[in-house]
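Line order of the protein sequences matches chains A and B. Quick note on numbering: the numbering used here labels position 380 of the first sequence as 380, and the sequence is numbered without any gaps. Heads up, the numbering used here is the position in the second sequence plus 1000, with the first residue counted as 1.
One should not assume that every hint holds.
Claimed, not checked - Just the calculated beta-carbon pair ranges, DEER-fashion: (1) B/K1211 / A/R57: 49 to 55 Å; (2) A/A16 / B/D1164: 52 to 58 Å; (3) A/D435 / B/D1482: 54 to 60 Å; (4) A/A41 / B/S1443: 51 to 57 Å; (5) A/T7 / B/G1168: 31 to 37 Å.
It should be emphasised that the hints constitute simulated quantities derived from the structure, not laboratory data. Glycine is no exception: its CB is placed at the ideal position from the N, C-alpha and C atoms.
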Amino acid sequence: MRYLPLTESDRSLMLAAIGASDVDELFCDVPAAARLDQPLALPRHQGEMEVERAFTRMAGKNLSAGCAPFFIGAGVYRHHIPAAVDQLLLRGEFLTAYTPYQPEVAQGTLQVLFEFQSQVAAITGMDVANASMYDGATATAEAVLMACRITKRNRAILSGGLHPHYLETVETSLRYTEISADVLPPDPLGFEDLVGRVDSSTACVVVQNPGFFGGIRDLGPLAAICHEAGALLVVMVAEPTSLGLIQSPGAMGADIVVAEGQSLGMGMNFGGPGLGLFATRDKYVRQMPGRLAGQTLDVDGKRGWVLTLSTREQHIRREKATSNICTNSGLCALAFSIHLTMLGGTGFGKLAELNHAQAVMLEQKLKAVKGLKVLPQSYYNEFAVHLGDEVNAAQVVDKLAAKGVLGGVPASRFYPSWPELAPVLILAATETNTDDDMDRLVAALKEVL
Amino acid sequence: MTETNTISGNRGLQVEEPLIFEMGCEGRSGVDLPDPAPVDLDRLGGVPRRGKTGLPDLSEPQAVRHYTRLSQKNYGIDTGFYPLGSCTMKHNPRLSEKVARLPGLADLHPLQPQQTVQGALEVIHTLAHWLKELTGMPAVAMSPAAGAHGEWCGLMAIRAAHEDKGEGYRRRILVPESAHGTNPASAAMCGYSVESIPAKENGRVDLDALKAKLGPDVAALMLTNPNTCGLFESEIIAIAQAVHGVGAYFYCDGANFNAIVGRVKIADLGIDTMHINLHKTFSTPHGGGGPGSGPTVLSAALAPYAPVPYVIESAGGLELVEGARAGTKPFGRVKGFHGQFGVFVRALAYILSMGSDGLRQASSDAVLNANYLLACLKDVVSASFDGPCMHEALFDDRFLKESGITTLDFAKALIDEGYHPMTMYFPLVVHGALLIEPTESESKETLDQFIAVVRGLAARARTGEAEGFKAAPRLTPRRRLDETLAARTPVLRWKP
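Here chain A stands alone, though its shape is the one from the complex (with noise of 0.2 Å):
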């Protein structure tokens, strides 16, 4: 077997020095009735071919992003990833690396995430960053989690544009808490009333933005009465190429910004792994989940890298730990900061512009749609449509598919008890599409509807 280096005469030469007649004496503290003496009825081993055949077939049942007009978002979005990213994130020395923990061996993937950490605090506009969490739904109910602790408060308050995945993932971490979620309904035209609700009781207001919709909101009103309140704002970004374009959350006067950074170095992998971002003021940071990685010096003087502030980790405090997190997404931080780094602020920005452009050009071209009414007034690149009032998103979804076309996510996968939401369709476009996807999603359309 190609993974396992014994040969039958290691074996035997090993158990002769442990002194043992057969392996299985070395399972003796397994209680007799739970041994099981054979493998278990599941297939044997494969050699590569076979193994690589098994995937191929699997992958060729499904209908790739590449092999269709495709303008799916709604939280993981398609984006070119710079040939460069893959191949270095291939080195065995990031690959098959452990947690830094012992730093002497690991200043590669430590001065990666304190790249990274100055990266994601330079995008959102905040102070400092950890060195990533699960994914942006996890990092959402941890900065929850967080405002709660800072603020002593057990309310939150969380919009109706919020992603329904990650409205989800905070309840749930919250439902065993002290803590209540006050959570708004969905909200696609972005009128929702959040001022009006902050009061003294109030811990943090969660906000998306750009929102699951796609509305942009100017987040300074918002934040002004938060901190009057004496309550956070955390801020949610679904779209971290939004950032190149929108003002950043940070200089908005948010507290904690948390992102999934899926849009940069990852592909979609149908959904997973993603890359929880999170940020923050620096008086707060003692109060942060997730590892940091930070500057110090050797026993020479010269500057070098260490995970620090651990004591605010399970490792050290067990159940006083501000969070459960250990491991985090470090091989997809390093996916993020490359591309980063290959975009440079110039091409971050440029980015953007592009992928703003390609939304604004769909929103012309749906104008040939008849019916059709796009829903929020702002957007970055991603909005969603109205379909018209008798009309199903869901079934033209269906159809579209049936036609080769990848056409959105319809609202109703998400909050199929809203009969109101059923003609909704949540639409998004990047500098991946070309005009002739464009035109091709048009046509279908027209044709379906």
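Let chain A serve as the given structure and place chain B on it in line with the hints.
Just chain B, lined up with the frame of chain A:
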């Protein structure tokens, strides 16, 4: 050792590398993007970005060299032996990387219509089938993103089950003192209080002490098995009976599943739920700290409370269930979308490659390798417990007594010898712990070389060469780093 002072500060292949922020220069780019069509910025909600992000501009060759040089300052499994206990640093097959990049699997959106992703659902369903068969458990929640996330998922299912039975008053969780820190931290996140239970002299849970702590207010026992001392909990069936006897559930931390895959079905041990670290047992890359994946198996009693989403077989093919169905009471959703799919692909590639026979052979070899190290080292390095051990061997610092050398010094000396250190100071139940897990990936030759090095270092320690140990490592890009300075004056980002 001879020190060579070079003009550049570089030492041959060890090249000093600045931060990207110290290399950037406006006007470069590593990506050529088409020029966007000119658009007004009046659709941006009145908040277009003002001011620059401050990100440095680099070209592609600069970026490639930067990350290549940084990679060379890292140790990985590809570089050498990683005897890191409780972490299962086994070989990461490259076939797994290859198939994970097939466009039909990588270039898929999680919200595509389900009929366009039947192959992706098949990956999840097939992996779930293997995990259920290997553990003997009837259900598995696939979405937890890592081990600790799986712990939390399992405890949430337990809490939901108790609440559903009107037993929400159960708020105590019992955890052995040797447990990973994530165990008590996960319990706290479910609103539980945590109590420690002691071990016996043989490193196993003290069943009488456990029984004394059990009562009608206990929600669950969290136990790692094999435990963090590398020992199988030989009384585990009696433990499970005692836990169930008071109406509590039995959570198993599956971090050490690699020792028993194909040799023990955890259902036969009376376990109600266990997370499985795909990035340990099923060989997906650790990636310098993630991404992980922590599918969590559930007994029939807990299965109705499994979080969404999950895959079922239906008339039209495979179906992804994203909300509550009749007869189920999901406790919620643990993350966005459908779990760590990219990790699932890699784990399934490994599982199909190994097969049921290979997985059983792997756990046998992992245990054999650990016992071989124990047998070949225990006369010079103080073993904490008599063998046999399972997949990892625990030593402590008695062999360093009066040498002036600490476990940390000893581990750092290993670095100069070309090895990643073993796990140090964990578990907390022995003094100055050194926990060694060789995994099945290592050849006898590698183990013999490592044994010779450890024996040599132990001999040096005995002859009082403390200074050499204190100065280690000397051959790394950076020597011992000042962690106190880093924590006292945190510098957590680059500033101009």
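Under the constraints set out in the numbered hints, which ones does this structure not fulfil? 4, 5
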